[in-house]
Amino acid sequence: MNNVYLKNIIRFVLLILFQILVLDTVQFGGYIIPYVYLLFILLLPLDTNKSLLLLLAFFTGLSIDFFENTLGLHAAAVVFMAFARPGVIKFYFPTLEHTRGEEPGLSKLGIAGFLKYSFTLVFLDQFLLSFLEVFSLQDFLQTLSHVLINALFTTLGILITVMLFTPQRSKRKR
Amino acid sequence: MRNLLTFFRKHQFFSLFIILEIISVVMLMNSFSYQRMLSFNAASDISGDVFNTYHKMTDYFDLKEKNQQLLEENGRLFNMLLTYTLAPDSSFSEKKVASFQYIPAIVIRNTMNHVNNYIVLNKGKKQGIQKEMGVLSSKGIAGIIIGVSQNYSLAMSLLNTHTHISARIKKNHQLVNVIWGKKQGRQGEVVDISAHIQLNRGDTIITSGNSFIFPAGINIGTIGNFEKSKNHNLNKAGLDFSTDFNSLHYVYIIKSLDKKEQMKLLEDAKNE
Chain G
48 MNNVYLKNII RFVLLILFQI LVLDTVQFGG YIIPYVYLLF ILLLPLDTNK
98 SLLLLLAFFT GLSIDFFENT LGLHAAAVVF MAFARPGVIK FYFPTLEHTR
148 GEEPGLSKLG IAGFLKYSFT LVFLDQFLLS FLEVFSLQDF LQTLSHVLIN
198 ALFTTLGILI TVMLFTPQRS KRKR
Chain U
3 MRNLLTFFRK HQFFSLFIIL EIISVVMLMN SFSYQRMLSF NAASDISGDV
53 FNTYHKMTDY FDLKEKNQQL LEENGRLFNM LLTYTLAPDS SFSEKKVASF
103 QYIPAIVIRN TMNHVNNYIV LNKGKKQGIQ KEMGVLSSKG IAGIIIGVSQ
153 NYSLAMSLLN THTHISARIK KNHQLVNVIW GKKQGRQGEV VDISAHIQLN
203 RGDTIITSGN SFIFPAGINI GTIGNFEKSK NHNLNKAGLD FSTDFNSLHY
253 VYIIKSLDKK EQMKLLEDAK NE
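Each protein sequence line maps, in turn, to chains G and U.
Numbering of the first sequence is given in this note's numbering, commencing with residue 48 and proceeding in unit increments.
Numbering of the second sequence is given in this note's numbering, commencing with residue 3 and proceeding in unit increments.
Just chain G, same shape as in the assembly (with noise of 0.2 Å):
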């Protein structure tokens, strides 16, 4: 059990680190911003309390603010992403079982099902995030755009970054 706390902080620190002094400021072209640290909140254990998977979400995404002179932006998407978590998992998979601490990772969900996961978790982050900052709806279909482009971005940073991570053995045994 304390493995699977130890195992969350130091993700946490790792990706915000690797979020503010990599990602927000390498040039991928164009608005471009893969937001890799909300892997953080997608991996947390399947068996994480709801209420607690919403404090989570908060403080990354105060963290993430923090550092980017944005307080509140970040946490706001976050909170509402992990809002959404629960229903989400269970709308994609209904029949979903798992152990104690179990993440819904690459080697659970499969590859297909770890992308619709993800995709669709930071989609709503991204829209929430760009219409807020933004704060209007002009140029709607511009700011729609951008949240596509970005969340596809984000979702293929975060499956590199999964895949990488991931042991040889545990990829061979699906």
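Check the hints yourself; a few may be wrong.
[Stated by the list, open to error] Below are the DSS-like pairs computed for lysine-lysine, each with C-alpha atoms no more than 30 Å apart in a straight line: (1) U/261 x U/125; (2) G/54 x U/58; (3) U/238 x U/141; (4) U/12 x G/97; (5) U/12 x G/137.
[Stated by the list, open to error] Listed below are several chain U residues computed to face chain G (Cβ distance under 7 Å; list not exhaustive): (6) 15; (7) 18; (8) 19; (9) 22; (10) 23; (11) 26; (12) 29; (13) 49; (14) 115.
Keep in mind the hints are simulated off the structure, nothing from the lab.
Computed from a prediction, not measured in an experiment: that's the story for all the values here.
We put the CB at the ideal spot given by N, CA and C, even for glycine.
We have chain G; now place chain U onto it with these hints.
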């Protein structure tokens, strides 16, 4: 009250969600205007230390580019010096006391693809940095300090939706304003151009000196595209910033030495 409590207990997840969203949006309000952003000090030593450590680690990778920049800047300054020393002696007879002071600083973090972009600098309160000081690159203005901690300061980049800078067209000294929106990418926008003014591509826009933030006559950028609109009295034009935000390594924080005096004069004038 008891009903409310039972409701909360029953829908704990949903109520917590609403509460957290409300807290977030209330915090977010702080970034809705320039004035609110100023009163809310966003700079902190903790984030500064994190950025500084990382900057020290990656500092060497673009050393060549930085040296090139400094070399070019030195060349430019030497040329200016040359014209001064060759000028007739009368220009030296009057010694003007400088009303601005340049404080060099290193950019330890700079974003470009956000809606509101910020620059973190390695000088803070200890070095005498205050809010609302201007930030200059070697080529033009780059931003305005909006937050200071003990050792670091936070500047809003020109690439920020709150950017609103009083400027002048260099060739005819007409007053205009410079703004930025995410739509414009790395370009800015010159607004409030009176209808009778004709602008050409490449015309220089400089600071007006009307605010206490920047001295007059510093480059902001050059006109990109200008189209006269038929139904408006005030025209707009695209602006290419002089500062290259992509390679912003060293900047100067500009301190107005007689800002207090000027402010006091303004206050007195208002009171009379």
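Verification of the supplied hints:
no.	hint	result
1	U/261 x U/125	20 Å, holds
2	G/54 x U/58	28 Å, holds
3	U/238 x U/141	23 Å, holds
4	U/12 x G/97	13 Å, holds
5	U/12 x G/137	20 Å, holds
6	15	5 Å, holds
7	18	5 Å, holds
8	19	5 Å, holds
9	22	5 Å, holds
10	23	6 Å, holds
11	26	4 Å, holds
12	29	3 Å, holds
13	49	5 Å, holds
14	115	5 Å, holds
Violated hints for the displayed structure: none, as all numbered hints are satisfied.
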